[in-house]
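Participant: Chain X is already provided as a structure; the job is to place chain L on it using the hints.
Residue-level listing of the chains:
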Amino acid sequence: MTHTDDRAESEILAAASPSLDRRTLLRLALAGGALGLAPAALAQSGAGAPKRGGRLTIGADADPIGLDPVTLTAFSSYDFTALIYSGLLRWNADMKVEPDLATGFEQPDPTTYIFKLRSGVKFHNGQDFEAADVKHTFDRIRDPASASPSATMFASVKEVTVVDRLTVRFDLHAPSAAFLSYLATNPTGVIVPRGVGELATKPVGTGPFVFESYQPNQQFTLKANPSYYEAGLPYLDTVVFRFFKDQASLTSALRSKAIDMTWFKDPKVSAQIVRTSPDLVSAPGKTTRTFPVWMNMKAAPLNDVRVRRALSLATDRAACLQTVLGGSGKVAAMVPESHVGGYDGAGEMPYYKTDIAAAKRLLAEAGHANGIDLGDYLVVAANPLDVSCAQILQQQWAEAGIKVAIKPMETAPLIGMWLKGEFPTLLSVALSWSPDPDAIVSRITSMHGQGKSSGMADAKLDAMVVEARTILDRGKRAEAYMAIQRHIADNAYVLDIYQYPLRWEAWWSHAKGYAPLAANIRSFVRTTWVDK
Amino acid sequence: MMRMVALRLALTLPILLGVSMVAFALMRALPGDFAQASAGTTTISVEALDQIRRNLGLDRPIWAQYLAWLGNALQGDLGLSFATRRPVLGELVPRFLVTAELTLIAGLMALTLGTCTGLASARLRGRVDWIVRGWNSLLLAVPNFVVATLIVLLAGLYFPTIGIFTYVPFAEDPVANVVSLLLPALSLALTVSVTISENTRAAVLEVSSQDYVMVARAKGLTASAVLRDYLVRNALTPVITVTGLQMAALLGGSILIETIFTIPGMGQYLFESVTTRDYPAIQGIVLVAASVVLLVNVAVDIAYARVDARVSYD
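Protein sequence lines, in the order shown, are assigned to chains X and L.
Taking this note's numbering as reference, the numbering of the first sequence is continuous, increasing by one, and the terminal residue is 532.
Taking this note's numbering as reference, the numbering of the second sequence is continuous, increasing by one, and the terminal residue is 1314.
Pulled out of the complex, with its shape left as it was, chain X reads as follows:
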């Protein structure tokens, strides 16, 4: 059994909050697989030594769309890249950044990072992992022809230089607190090998599992990587993903033990399943995404802050949370709890306390004494949780004299309208997990295409967001994001209703050593073993 060394642990935490006074090399001693087992994962594992071998079958709700981490854009691919590839850093179970392919880094000044790479790491094709691969990866990401979604996230990177075989230097344009978060995120920051083409269909990484085969709509098979760098890991021989596009089928497959593990889109379904057998384990999901009502503030009536505040006052967020999610989540502001500066759902936020009379007063001041008809409220038809929340909001707003007509739509066109600000008044699309709060709040600044096109023009907010990006101290950064969220709530630029996990995970108790990760990937399959 491995153990976690206290000293190493505290240095890892320091790595997550690099401050200017820590300029010396952070010697992130990473002995064997000691840190591979994060505390939460150990707690989950229960008694008994891990067993080697065996096969874990996971029920997945979507096929991957491409397996090249540089070019893929679909969330459904993350499940697979998470096990095949690895990056310089990674998230541990407590959502702190820890070293992975790097052993540590030095930060001689706020815009320079020098990473020491782990020696002896091999790609699945036998090729040695070297600094040149890191440079190759980031050159590909930054090449416009790759059309990489990660390019925006690494826009702060000026240059990547190979210092020697196992040392690589990143020069940034400006200090970026989000840089390490992006490096730790899979697939955003994972490393691909030089000179290997067609990664989209034949992935080659450094991760704990090697790609074996893929039959679309049927199954995706991975084998243990025999030369994985963490000694003793992974425990499993084989990981098989089987695809179930229908939630009812997924439920039945778990109950019939056709699969060992899965995740659900509805907390009530998950809770119901887990009640059917004491051997089913469900994890208390961490809140990683928010359900917001986006507003088109280009024109009347939503360009009037009084109307927006009236909407916020007419909303009973706690009631939505109870009715739609059965309380499995928290009241939301812009940033979910699992992020730096995330909102815990309990603190005071301006215009969050339901007050119908005050809402009516504000509407009257804005010239809508007899109520107002906001027209179409667009929601994602494919997401029943969204639709039912919209229905509850419709009733709540009606009490304050605000009328909306719910219009469920197909996902792709709805997102197109959302990004381009081409929707009539109100639109809801849940905001998925992002590696850093900057990506979330940037959306509603006037510097961002999306914010601009929906009528944002708040120089103060823009300045706050730009500044928060450069604060490297974790505590100060958290304060900055709380201030930003309060400012957003005060102006009611977005009505955030609740925050919740992306999926509710459940598995049979014979799968041990697993822990869900708020980053919405199944990283800890690498520490899972099966005891049937």
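If you're looking for bench data, these hints aren't it; they were derived computationally from the structure.
Hints may be right or wrong, so weigh each one.
[Said to hold, decoys possible] Capping the alpha-carbon separation at 20 Å, the derived lysine to aspartate or glutamate pairs in DMTMM-like fashion look like this:
| hint | chain 1 | residue 1 | chain 2 | residue 2 |
| --- | --- | --- | --- | --- |
| 1 | X | Lys452 | L | Asp1050 |
| 2 | X | Lys298 | X | Glu422 |
| 3 | X | Lys158 | X | Asp109 |
| 4 | X | Lys407 | X | Glu422 |
| 5 | X | Lys420 | L | Glu1101 |
| 6 | X | Lys452 | L | Glu1047 |
| 7 | X | Lys298 | X | Asp490 |
| 8 | X | Lys407 | X | Asp386 |
| 9 | X | Lys420 | L | Asp1059 |
| 10 | X | Lys158 | L | Glu1047 |
| 11 | X | Lys407 | X | Asp458 |
| 12 | X | Lys512 | X | Asp279 |
| 13 | X | Lys257 | X | Asp490 |
| 14 | X | Lys420 | L | Asp1050 |
| 15 | X | Lys245 | X | Asp386 |
The structure displayed is predicted, hence computed values, not measured ones.
Facilitator: Using the frame of chain X, we list chain L on its own:
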């Protein structure tokens, strides 16, 4: 006869061309494209989305895209799937075989169930007729995906150990393969059986009032001989037409049924390709599905000549 078949087959070509054109235009008329649909709410810049579109050739005019697709298709190249970056043809063939097997089993089930209930209803009348017609009305009112979802939920609830979600490839174990397709085929077959049943009933009733049937009875033939030689054979023509037409219904139904039962066939592939706006895949599937429906129609015409002596194509 051969000339007629050749002519009918030649006529399917312009129809296929038209179908492919309409499908091409319809998909592009739908808002949203692959770049947008696959990215979802993931953070991605507008420039990157435009670059993805350029890489896929979606920035060219629609007619240029269509002509390029048609040119390749005529040479048997259906292009690369946007989602998997693998040739569409290679993705399509195994899935088509699965769907063909599923619809075949479903078709046989529907035919058996439909003709049996139809015959029983027409011959026995009275209470049996009422039960059959009530049952048919019920099935007609309940869509096949509701039946499928009920089967999935009930089986999951009361018989959690039976592996209805373990689709077994034919090459692995032919018997288990057929067994794994029985429940999905049943949920597909039930709705289709109604049309066959109602048509069988009407046809048999019509034929039984014909003079030659009365003559047959009058000359003392046994009831079973009358049924076999006079009733069934003469009532068969409309039933064959209807069964052939239901082929399209079976293919259409397979889209949802395969998705619900997670069967890796063409229906599920279409469902997914439409959701992600995987244009090359959609074009390929539409082409194959349209060909199947057209070929079945030709086969139905040929079958007419075999069962109905009055029909001749010479």
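Participant: Under the constraints set out in the numbered hints, which ones does this structure not fulfil?
Facilitator: Hint check: 5, 11 and 13 fail, others pass.
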